[in-house]
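Here are the chains, one letter per residue:
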Amino acid sequence: MNRPPAQLAGAPLREDLLQIARMIPAQARVLDVGCGDGRLLDHLMREKQVDGRGIELSQAGVNACVAQGLSVVQGDADKDLVDYPSDSFDFVILSQTLQATRRPRSVLLEMLRIGRFAVVSFPNFGHWRVRQHLLLRGRMPVTALLSQAWYKTPNIHLCTIRDFLLLCDKLDIAVEKSLALDEAGRAAPLGGYLRVANLLSVQALFLLRKGPDFTPTPA
Amino acid sequence: MHTPMAAGEAALVAGHGHGFVLALPENEPFALDSGSALLGVKIAYQTYGRLNAERSNAVLVCHALTGDQFVASHNPLTGRPAWWDLMVGPGLTLDTDQYYVICANVLGGCMGTTGPQEVNPASGKPYGLDFPVITVADMVRLQCRLVDHLGIDKLFCVIGGSMGGMQVLQWAASYPERVFAAAPIATAARHSAQNIAFHEVGRQAIMADPDWRQGDYQAHGTRPAAGLAVARMAAHITYLSETALHRKFGRSLQNRQTFSFGFGADFQVESYLRHQGSSFVDRFDANSYLYITRAMDYFDLAAEYDGVLAKAFRGIETRFCVISFTSDWLYPTAENRAIVKALNAASANVSFVEIESDHGHDAFLLDEPEMFRTLAGFLGAAAARRGLRRP
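So the protein sequences, as listed, match chains D and V.
Residue numbering for the first sequence follows my numbering, beginning at 1423 and increasing consecutively.
Residue numbering for the second sequence follows my numbering, beginning at 31 and increasing consecutively.
It is worth saying that the hints were derived from the structure and are not from the lab.
Beta carbons are placed, not taken as given, at the ideal position from N, Cα and C, and that holds for glycine.
Among these hints, one or two may not hold up.
To be verified - Simulated crosslink set (DSSO-like; lysine-lysine; CA at most 30 Å straight-line):
1) D:1470 / V:184
2) D:1632 / D:1599
3) V:371 / D:1501
4) D:1632 / V:341
What the hints assert, rightly or not - Not the full set, but computed from the structure, chain D residues with beta-carbon under 8 Å of chain V:
5) 1480
6) 1484
7) 1485
8) 1489
9) 1493
10) 1494
11) 1495
12) 1507
13) 1510
14) 1512
15) 1616
16) 1634
17) 1636
18) 1637
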């Protein structure tokens, strides 16, 4: 009746999750939104002794997390972030989920209301392979990171790195750190050549904080 | 296991088959939310496993409306398996090799704890309707006296389903520093209008039975068995789900090929409900049913906190695990989620799982592997944090 909890300890962490983990200091209060099977939370709790919580949409994911002893609730980034008090976490993480939310702008604002910092990663729709699919084949892109056909994909709000930075600017969200990941999973700081990075990065990762005029409910 | 008590303090008395019974000092009034007080209060309880030297491994199980203190193994009074024998026992999720499990009959109950069928010391006769109306908070305050008596400062966990879950929430709100972990299951922070309505049907059925005698049936030597059975039948439907009823019975007839064109139990589902009703009256007191359902109806945890449930949990360090079941229409997921929302708003440490099951509200009592797996993970992590050794 009592199966031992799933063992994630020691399982290799996805490159983008490893990069996120590097941004989190020890003992931070962390909320992982869309935490999946709890891989990142588990890693952060073991390696960084964080006070970690998670939100996950899928029932199977939540059950796997709680059965491992992680504090995770079933919930939805779009609907449930409003329940959390302001400034109740140091870091709010949203990895590879922003593009699947219904209102990414509100989600971003909520994350920075709840946390001192937000960590966001997403697939870059400006990558040359994506552009090639549209330009040469005239078809919706299907790539390693965007693996589903247009009629099946949960990704309904895709954006490019440039799009994302423009939105941050508009919402007075300051970019503290930015990383670009190439096809081999190699991470590099997103330097001055935004045009190049937007073409060559399959995904991007940002550490964000509130700008001086940030307000969680802009006009 | 029990420390000897000095004169004038609460004492252990013979329990007449009800297990252990703790009697509060006879001259000490036990104050109730209603403003009245009870004298000579007793609380009947069971314990399983051993309290460790640090007194840190105690788990309090809170039972539901018609439950009792016999949570594990078998019930010595009915001879049937205990109500949570799938959850509590050696090697099970609430492992009695690791934890010291306590379960007490609630105040107002009929299994040895003071309730309406017990003798009123003021009159020398059974209380009947002279018993004061009690609340879930009163039940919890009495359990707290028991926990004090057992010499336990901080419970490792308080766990329970349905009305048991209400007690878990009340424990966390009233004594947050004494609850390390809390698992409210298939429950609500307040009783819904629909649930109050179902309870009212049950109470009216009991009170419409002429043998109820205005609650004074013990003096008249009668029992409102028909009324209590109907109350149980109506309630029992709310514990199941349409899918479960259909799977179990469909429209199958009971021991017959055709309709009787009468009002006997033609259908299996009727026969089943009649059996549920008649076997219930053998083990439960009708007035207890009135008082305990009333306590549940009055339960609204937020009411004490300006109507804001999150305020009940402000600053709490207790770790919570809330569980609901998809087919539970008595305490639906939305009610359990409201608890989770409030805990999140209070920045509490909370896990929440909705388990897929067609067993309805009763799922929490049944073999639901996902529930056991979830709780094992939750308790395991909490035990590690509390520094409890595995057996």
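Q. Failing hints, ascending?
A. 5, 14, 15, 16, 17 and 18
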